[in-house]
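*Asks:* Sequence:
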Amino acid sequence: IVWGGFVIMTAGGSEEKVKKGKGIITASVIGLAILFGSWLIVTVITTFLKTGA
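Residue numbers (this note's numbering): 76 to 128.
Hints may be right or wrong, so weigh each one.
Restraint-style ranges between C-beta atoms, simulated for each label pair [what the hints assert, rightly or not]:
1) 119 <-> 94: 34 to 42 Å
2) 109 <-> 85: 22 to 30 Å
3) 91 <-> 117: 15 to 23 Å
4) 111 <-> 77: 45 to 53 Å
5) 81 <-> 105: 47 to 55 Å
6) 81 <-> 117: 31 to 39 Å
7) 124 <-> 80: 49 to 57 Å
8) 110 <-> 80: 17 to 25 Å
9) 86 <-> 106: 18 to 26 Å
10) 89 <-> 123: 33 to 41 Å
It is worth saying that the hints were derived from the structure and are not from the lab. Just so it is clear, CB atoms sit at the ideal spot from N, CA and C, and this is done for glycine as well.
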């Protein structure tokens, strides 16, 4: 996310670089959502296994 912001800030008005920076940020946010979702699934499953529910 930080790298995408850096690319946008240093684009110097280049639409191509701004688009690239936005793509980096979008991919980062999607990756974080997948990471959080995976963590949540594992946490829920292990909680159910520990409690025997």
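*Asks:* If a hint holds in the structure, say so; if it doesn't, say that too.
*Replies:* How the hints compare with the structure:
no., hint, result
1, 119 <-> 94: 34 to 42 Å, "holds (37 Å)"
2, 109 <-> 85: 22 to 30 Å, "holds (28 Å)"
3, 91 <-> 117: 15 to 23 Å, "violated (39 Å)"
4, 111 <-> 77: 45 to 53 Å, "violated (18 Å)"
5, 81 <-> 105: 47 to 55 Å, "violated (19 Å)"
6, 81 <-> 117: 31 to 39 Å, "holds (32 Å)"
7, 124 <-> 80: 49 to 57 Å, "violated (40 Å)"
8, 110 <-> 80: 17 to 25 Å, "holds (19 Å)"
9, 86 <-> 106: 18 to 26 Å, "holds (22 Å)"
10, 89 <-> 123: 33 to 41 Å, "violated (51 Å)"
In this structure, the earlier hints numbered 3, 4, 5, 7 and 10 are contradicted, and the remaining ones agree with it.
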